[in-house]
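Visitor: Chain by chain, the residues:
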Amino acid sequence: MAAEKKVILVTGGSGLVGKGLQHVVEQDKRADETWVFLSSKEADLTKQDETQAIFEKHRPTHVIHLAAKVGGLYKNLNSNLDFFRDNMAINDNVLNTSYKTGVRKVISCLSTCIFPDKTTFPVDETMIHNGAPHQSNYGYAYAKRMLDVQSRAYHAQHGRNFTSVVPTNVYGPHDNFNLEDGHVLPGLMHKVYMAKKEGSPLTVWGTGKPLRQFIFSRDLAKLIIWVMREYEEADPIILSVGEEDEVTVKDAALAVAEAMNFKGEVIFDTTKSDGQTKKTASIVKLRRYLPNFKFTPMKEAMKYTCDWLEANYDTCRK
Amino acid sequence: MAAEKKVILVTGGSGLVGKGLQHVVEQDKRADETWVFLSSKEANLTSLEDTRAVFAKYKPTHVIHLAAMVGGLYRNLKYNLDFFRNNSAINDNVLSTSHETGVKKVVSSLSTCIFPNKTTYPIDETMIHNGPPHSSNFGYSHAKRMIDVLNQGYHTQHGCNFTSVIPTNVYGAFDNYNLEDGHVLPGLIHKVYMAKKEGTPLTVWGTGKPLRQFIYSHDLARLMIWVMRDYNEISPIILSVGEEEEVSIKEAAMAVVEAMDFKGEVIFDTTRADGQIKKTASNAKLRRYLPDFKFTPMKEAIKESCDWFVANYDTCRK
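The listed protein sequences correspond, in order, to chains Y and U. Following this note's numbering, the numbering of the first sequence begins with 1 at its first residue and continues without gaps. Following this note's numbering, the numbering of the second sequence begins with 1001 at its first residue and continues without gaps.
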């Protein structure tokens, strides 16, 4: 029996995770899969008519929905309303257009920063709605939570296979290395690059004590592809390294310094805030499905990413 | 100094609460207030265009936003997606158009059924987002909760004065008396009417033990008008009789029996589900503002509601 042809549309396809997917599908080409990577240049997904037009153009059977309005702490703090409304619009347009055009499966992307601010650890998939999110980005957080509500509602009312994934801190090539807006690992890599160039110390913000789980973009991509091909639940699934692989920001900084052969001093600016001390997420659910999945060792993934930054410094996003 | 003229637009103005407001403003006419009661016949608020047109027509300075897609248990169970999407669209259209046209205040209506399913009692205004709502109407509940998120966002980002109220079980003239779709008190009133007419017993579903706080639509209306004129917080406020006024379904049934002079047998069909045993809401916040507000005695309010039903049986909603 010939496998049914799939056309997989990836919204937000030019970002960190999109590029990870592009890399993995190149290495694992399947005859029954056509992949389309969309960027915001091609369609403004906050607009229903543009979303409709792009679906008509590509006729996807599957959608991996990564597109979102994102930003760092300060951008979120000042614009919670816009982060809520724009992401609600994007999400409603993508899911509704997918439904109307008969898309078989939509995998949306949530994130661990949407979990309740006051919580016990580790967090797991059942806890997403158990309390208000952190005040700084509640607009973004609630919009993402409503992706889970909508996915389950499309499933309950129409039997659609719409679901969502929850990655922890992602890193890899093609990240956003901007020091204000970006996340912790790309920020550290950019800082080490500058410190090397200028012969200055590396200054890490905070005490270095907070703990994080980091997932390499290519590992995340492999797992998202597995979800797209095999995961049938409407409830979300956390995609991350295990709790035992949590590292401190200090250890992450030292790993970046080693990967980039940085010989200077490492200082911790304890006047800067640490953010959350822990965000530990459980991957018990993932391990029930994939007990043998092997993550790329962090040292290797970091080296790869740092080398990429040095080779692409001029053109990368910063 | 002349008081600034107010034009108050009431969306969902032809329903139970809207009619309560109409009654109260007739009795308490103010020279500086013009009231406009909108119904869905005049504008489809799920359409942004229609919403903008109706705001352009009436140019409101204030909005009391009651319009929503509502339904009983079975309808919610079947259409959670539509309840979520339609209510999200209505709410976003009304609030964004209010912001765009410089409306000074919007008072939206939430409801106690949106609170977390697993909770301690009494519930209060701070607990709305503290856990998932009951699964039967999760679409409706999440959409209502997002009104509070939007209110906060509009306030922080644009300084808008958008707030919300949380009534408990409302009853009164012009209710929905449909036995499948309606709520408990109008259902009992309709059943007693039928039992009298047909000379049968009154069958109350369940054990009669669950407890509820009932608020008369005229009292709710007076409180909503107070909120519109004088309540300046963005956080919601529960509008209800106190915890000490909670009555059992059995007591409510007997009050209807007495008001309608029903002499037949009253049976409790314990094969039917009871629903939640308690939903006790605290009105401590309301009492801090209005320690002397007097609610209409339940016996009197039920009598008025029953008399209205009997007089209007042919034309009422059922």
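Hints listed in this document are in silico derivations from the structure and should not be mistaken for laboratory results. Among these hints, one or two may not hold up.
Cut-off 30 Å, straight-line C-alpha distance, at most; resulting in silico cross-link-like pairs (DSBU-like, lysine-lysine) [stated by the list, open to error]:
1. Y:LYS118 with U:LYS1118
2. Y:LYS294 with Y:LYS29
3. U:LYS1279 with Y:LYS118
4. Y:LYS118 with U:LYS1278
5. U:LYS1104 with Y:LYS118
6. Y:LYS278 with U:LYS1278
7. Y:LYS75 with U:LYS1285
Visitor: Which numbered hints are broken by the structure, listed smallest first?
Guide: Structure breaks hints 5, 6, 7.
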